[in-house]
Amino acid sequence: MPKLGESVVEGTVSRWLKQEGETISEFEPLLEVSSDKVDSEIPSPAGGVLLKIYVPEGETVTAGTLLALIGQPGEAVPEKLADQPVAMSKPAVPEVSASAGGRGGNGGARISPVVARIAAEHQVDISRIKGTGIGGRVTKKDILAYVEGRSGTAPSPALPEELPPWERPGSGDLFKPTDDLYKPPTGRDDQPSGPASALPAGEIIPLSKMRRLIAEHMAASKRTAPHVTTVFEADMSAVTAHRKANLDAFAARGINLTYTAYFVAAAAYALRLHPIVNSRWMEEGILIQPEVAIGIAAAVDEGLIVPVIRRADELALPGLARQINDLASRARAGQLKPDDVQGGTFTITNHGVSGSLFATPIINQPQTAILGVGAIQKRVVVLDNDAIAVRPMVYLTLTFDHRVLDGATADRFMADIKKKLEEWEG
Amino acid sequence: MATSIQVESRIDDTGVSLDSALLLDMYWQMLRSRRLDERCWVLHRQGKIAFHISGMGHEAIQVAMAFAIRPGYDYALPYYRDLAFNLAMGYTPKEFMLAVFGKQGETTSGARQMPSHWGSRRLNIVSGSSPVATQVPQAAGMALAVKLRGEDRVAIADLGEGSTSEGDFYEGLNWAGVHKLPMICVVQNNIYAISVPVGLQMAVPNVADRAPMFGIAGAICDGNDVLASYRTVKEAVDRARAGQGATLIEAKTYRPVPHSSDDDDRTYRSREEVEQWKRRDPLARFQAYLLEKGLLTQTRIDEYEAQARDEIDAAQAGAEAAPYPPPEAALGPVFASDGV
Amino acid sequence: MPEMTLIDAIRQAMDEELARDKRVFITGEDVGPRGGVFRATVGLYDKYGPDRVIDSPLAELSIVGVGIGAALAGMRPICEIQFADFIHPAFNQIVNEAARYYYRSNGDWNVPMVIRAPYGGGIGGGLYHSQSVEAFFAHVPGLKVVIPSNPYDAKGLLKSAVRDPNPVLFFEPKKGYRLIRGDVPEDDYTVPLGTARVTRQGSDLTVYAYGMMHFYTLQAAEKAAAEDGIQAEVIDIRTLAPLDRVTVLESFKKTGKALIVHEDNRFMGYGAEIAALLSDEGFEYMDGPIRRLTGPDVPGVPFSHTMQDFFMPSVDKIAAAIRELAAY
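Read top to bottom, the protein sequences are chains P, Z and S.
Letter by letter, the first sequence follows residues 1 to 426 of the numbering used here.
Letter by letter, the second sequence follows residues 1001 to 1340 of the numbering used here.
Letter by letter, the third sequence follows residues 2001 to 2328 of the numbering used here.
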C-alpha cells in the first residue's frame, strides 16, 4: 500500500482491476485505492501473473502493507504473508518488456508500452478512453488527446512504489516510539455484526466508505462543538449586475464566473477582518490560523466532498473563479488528490442550488464556522425610505462554534460579508 | 561541500595475486551483504522491523578488511555499517535477522543491543557500542596487550570519517604511535556524517593526512575497489605483524542510501550526486572485472543471486519464527563471576 | 607485623599482584620512574620494567580506553588517574563502555580492570584536587566502587579488585595517604569486595562512613562515648557498589538511628541511597530521622583553609551530629 499523501498513513483497496491468475504488465493499472475520499489508481510495479491477492476490496491497511504477489505462472505462492515477502525491485530476469505489448486471451485491447507509460504518468484509466487503433486499441494519440482534454490536471510525479525502498526516503525522525510497531495495523471501525434475524424489515443499503466518513464526521462535529446559527439576508443586485457585465469577458479567458466566486471573495475578505473566525478550538487555546483556506462543499455521486482553495484572501475574483472551476470539475470527475481536500480553515456550502432558502449547516471540524448560502430569489423588500422594491435576495447562514465565538462577533463577521456583497464594485 | 575525489571505475589489481576461488569468494561476500541489506530495507518499509542502518556501498573496503586479517585470531573492532565485514568474517544472515527482529537467541547481545552492534568471542569481534570512536583507544589497548605478550596478532578498528572528530580517535592513535602498536585504523570516508558533509567535519582534504601527527603510517585507497582496498589493508596488516607499528587507512567511498531507515537524505544532498556515485558501485565494478577475466559468467551470477536469495529467505523465515526474549531477560547478566 | 601508611599498603598490593600475575600491568601519568605524584608506584618501575609500569600520555580518556582494550584482550590493567577530579574525560569510556560490556555482549566480553584515583579534600587542593566522585559511578550498574579507610583493607581490597573480572573503581582518600597508619600482614591476603565491616560496636545509633570520614568517625565515636556516654556503632562501607545491604540493615535494626557521613556534596550524594534503603527496608526499626552529615552543595572545596574547613566534615562536627541524633 503506497503512501498516498503527506500525512496519509493508510489506504483502502477499493477495486482490484486484475484478478488472480491474470497476466499483468509493468505499469498497467492494477488496483484502485482510496483515502480521505480520494481515489488513486496504482500501476503494477512488475510484469507477470497476479498470483495472489492478500488484501481484498474494502479492506483498509497501513501504508507499506503487502497487497499482492506478482510472479511467474506455476510459482509456489504462500497463503500467509509472513513466509514470502515480495521484493520491491524488479525480477532479476526481465522478460516483461518483450511481452508488454501483448495481453492475450482476455478480449481487451492491447496496451503498448508508450501508452502504458503515459497512463502511469497521468494516472489514467485506459478503459475510459475510446481507442482508434486496430480492434479499438488505444493509441498514443488517443491517450495524449484524452490527457490534454482534461483540465487543470498536473502530471503526477513518479509513484512511490516504482523506486526501491532505500530510495523512498523516510520520515526524517531517526527514532520513533515503538508502541505501534508491534501491533498489527488496525482497520477502520469494524462493521457491527449482529445476527441477520435482528435487522428490521426493509431494504438495507450498505454503507459506502464515503457515507461512513460523512456520518462519523457530522456526528462528531455536533458532539464536539455547541452549534449556533445566525441568519442574514443580502441584496445581490450589485453582484448580479457585476456578473452580468463581466460574464463574457471572463468566459473569453476560459473562466466560468459563478456566484460562488463572489461568496468566496466576500468570505475571504471578512475572515481577514475577523481572524477569530478563521480559527480552531484547542485545549491550549484558540488557534488563529495563519492562512485563509476556504473549502467549498460539492455534491458528488455518493455524498459530499470539500475541496479547498488555499490563500483565498490573496486571490482576486478571476483567480478564485478559475480555482473554483478547476476544483469543481475535478470533484465531479473523481480526480481530486488527497492534498486538495486537506488544510481548510473555513467552509462554504451552497444549499441554494438545490432550492433551499436557508439551512443550518454542520461545522466542518476542526474549523470554527461554516457559511451556508441559500437560493437567490427575487423578493419584495422595504427600502430605507419605506418604498417597496423587488431585489434578488439571498439568505446567508453562519453556523458557528459557540466555544470560540459569541453571537456579537459572529454577527459582525456576517455584517461585513453582507456589506461586501451589497456594495460590490468588482 | 563534498571532497572531490578521483576514483577509478576499473578495478586496480596491481600487486594482488589471489587465486580465483578467493576472488569469487570476495564477490560472493559482497553480493550476499548487498542483498541482505536490501532485504532489510524492504522489511523496514513493510513495517516489520523498527530499524536498519545500512552498509550499502561500503562492501568493497569491508570485505577487503576481512580478507586481509586472520578471522578469529586478530582482534576486530568494527562499527555499525560493517555488515559486509562481519558476514565475511563468519557472521551469518540468520544471526543478523535475529538481531533486526530482536529475537531470542540473538548471538551478539541476547537482543539487548540494537541491530548492527556486532560482537563475537569466537571470531574475536569485540562487542560494539553506539558512542562513536570509543573503539579506537580500545583497539590500541588490545594491540598493547598483544605487544606486551609478544604475539603476532593485530588489532583492526574501523569507523566513519565523522567519528574521527572525536577525542577518542586522537588519543587512541597517539598511543599507537608512541608505543608503535600493531594496530590498523580504517576510516571509511563516505563524505557524510548523517547529513554533515565532510567539509564541515575537517579542514584537511584527507583523514589520512593526519597520520604523521601521530607518528604512524598513513594510506589512502579507493574504498569502492575491493582489490585496491585489499592491497592497502594487507600492507598495513603485514607492517603491524612485523612490529613496524600502526597505520591509519582512509578508504574513499560513498553512502548511496540514507544514514538509517528513517533518515530523509533529500534534505541534504542532491539526487545527481547519488546517481553519480551509483555509477561507481563497488559490487558492479567487481562484477565487471570478474566477467572480463572470465571468472564470472552470467549463469554463475544468477546462481549466486539465487543462493543469496535462498539464504536470506531462510534467515528471515527462521528469525520471524523465533520467539521474543522473555521480559525478565532484561535483568542480566551484569557482573562476571570469578573464573571467567 | 609491620605498621605502614595507607599509601604503602596500596603500593604493596600492586607489587604483589605484579609479581603474582604476568597479565597485571600499571599505566597512568608519571607512574614510571617518578613513582607517581603520591609515590604510589615508587620502585615498581625499577623492579618490573617499562613493560609492566607504563607512563601514559596525558590523556585520561585513553588511559581508561586503552586499559579497557587490554582487559578485553586478557590483561589485568591497573589504570591510575592522577586525581579523581580528572576522571571526567574518561567518563564515557567508564560508564558507556567498561560498565556495559558484559551486559551488552550477553556475557561474551568482560573487562577485568582497576581504575585507581586519589579522591577527597583537606589537602589545600581547591576545586580540582579535592573532589569526591563516587556517587557518579556507584550509580552505574556494571561498575564496582571501592573505598578503603585503612591500610589493611586497602591492600586486601585492591588485590581483590585486581582479581575481579569486572571493572572496579578504587578511590583512595588522599588526605589519609600518610596520615592513616595500621598493621598490614606481609603475606598474600584479600578482603572480599561487597562486604561492609562493623568497626565499632554500639547500640545508641549507627554511623555509616567510608574513606577519610570513617577515620574521623571512629575518633568522633570515642569522643562521644568518653564525654557523653553515647555508644555509637560504626560501619565502614568499604564497597559502595555492590553494597553489603545485610550488614547495613542489621546494624540499623539494632540501633534504630542512622547517621551517614561523607565529604561529597549532600544532594544526590551516596548517603541518599543509604537513607532510602534504610527507610524502605528498615522502616519498622526506625527510631529517629535518618541524618546525613556531608559537604555543602557548592561547586567545589574552596582553597583557603577557613573555607575548606567549613566545607569538610571533621571529628567535632561528626561528634556533634552523633550527640544530636542520640538525643532524639
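These are calculated hints, taken from the structure and not from any lab test.
Some clues are possibly wrong.
[To be verified] Cβ-Cβ distance ranges computed for the label pairs, FRET-style:
| hint | chain 1 | residue 1 | chain 2 | residue 2 | range |
| --- | --- | --- | --- | --- | --- |
| 1 | P | E148 | Z | E1275 | 41 to 51 Å |
| 2 | P | E59 | Z | E1311 | 46 to 56 Å |
| 3 | Z | P1326 | P | L174 | 50 to 60 Å |
| 4 | P | E148 | Z | V1204 | 55 to 65 Å |
[As the list claims (entries may be wrong)] Which stretches of chain P does chain Z cover? Using the computed rule of at least three CB atoms under 8 Å from a CB of chain Z, they are:
| hint | segment |
| --- | --- |
| 5 | 169-175 |
| 6 | 250-260 |
[What the hints assert, rightly or not] Once the Cα atoms are required to be at most 30 Å apart in a straight line, the calculated DSSO-like pairs of lysine-lysine come out as:
| hint | chain 1 | residue 1 | chain 2 | residue 2 |
| --- | --- | --- | --- | --- |
| 7 | P | K130 | P | K141 |
| 8 | P | K378 | P | K337 |
| 9 | P | K52 | Z | K1180 |
| 10 | Z | K1180 | S | K2022 |
| 11 | Z | K1048 | P | K18 |
| 12 | P | K244 | P | K130 |
| 13 | P | K52 | P | K209 |
| 14 | Z | K1094 | Z | K1147 |
| 15 | P | K18 | P | K176 |
| 16 | P | K418 | P | K244 |
| 17 | Z | K1180 | P | K176 |
| 18 | P | K244 | P | K18 |
| 19 | P | K130 | P | K140 |
| 20 | P | K18 | P | K140 |
| 21 | P | K176 | Z | K1147 |
| 22 | Z | K1234 | P | K52 |
| 23 | Z | K1094 | Z | K1048 |
| 24 | S | K2253 | S | K2223 |
| 25 | P | K418 | P | K140 |
| 26 | Z | K1048 | Z | K1293 |
| 27 | S | K2022 | Z | K1147 |
| 28 | Z | K1147 | S | K2047 |
| 29 | P | K176 | Z | K1103 |
| 30 | S | K2317 | Z | K1180 |
| 31 | Z | K1048 | P | K209 |
| 32 | S | K2317 | S | K2254 |
| 33 | S | K2223 | S | K2254 |
| 34 | P | K337 | Z | K1293 |
We treat Cβ as the ideally placed atom computed from N, Cα and C, and that holds for glycine.
Each hint tested on the structure:
no. : hint                         : result
1   : P:E148 / Z:E1275: 41 to 51 Å : violated (32 Å)
2   : P:E59 / Z:E1311: 46 to 56 Å  : violated (33 Å)
3   : Z:P1326 / P:L174: 50 to 60 Å : violated (29 Å)
4   : P:E148 / Z:V1204: 55 to 65 Å : holds (57 Å)
5   : 169-175                      : holds (count 7)
6   : 250-260                      : violated (count 0)
7   : P:K130 / P:K141              : holds (11 Å)
8   : P:K378 / P:K337              : violated (38 Å)
9   : P:K52 / Z:K1180              : violated (63 Å)
10  : Z:K1180 / S:K2022            : holds (21 Å)
11  : Z:K1048 / P:K18              : holds (27 Å)
12  : P:K244 / P:K130              : violated (38 Å)
13  : P:K52 / P:K209               : holds (25 Å)
14  : Z:K1094 / Z:K1147            : violated (36 Å)
15  : P:K18 / P:K176               : violated (37 Å)
16  : P:K418 / P:K244              : holds (20 Å)
17  : Z:K1180 / P:K176             : violated (45 Å)
18  : P:K244 / P:K18               : violated (51 Å)
19  : P:K130 / P:K140              : holds (12 Å)
20  : P:K18 / P:K140               : holds (23 Å)
21  : P:K176 / Z:K1147             : violated (45 Å)
22  : Z:K1234 / P:K52              : violated (51 Å)
23  : Z:K1094 / Z:K1048            : holds (16 Å)
24  : S:K2253 / S:K2223            : holds (24 Å)
25  : P:K418 / P:K140              : violated (52 Å)
26  : Z:K1048 / Z:K1293            : violated (41 Å)
27  : S:K2022 / Z:K1147            : holds (13 Å)
28  : Z:K1147 / S:K2047            : holds (20 Å)
29  : P:K176 / Z:K1103             : holds (20 Å)
30  : S:K2317 / Z:K1180            : violated (54 Å)
31  : Z:K1048 / P:K209             : holds (28 Å)
32  : S:K2317 / S:K2254            : holds (24 Å)
33  : S:K2223 / S:K2254            : holds (21 Å)
34  : P:K337 / Z:K1293             : violated (53 Å)
In this structure, the earlier hints numbered 1, 2, 3, 6, 8, 9, 12, 14, 15, 17, 18, 21, 22, 25, 26, 30 and 34 are contradicted, and the remaining ones agree with it.
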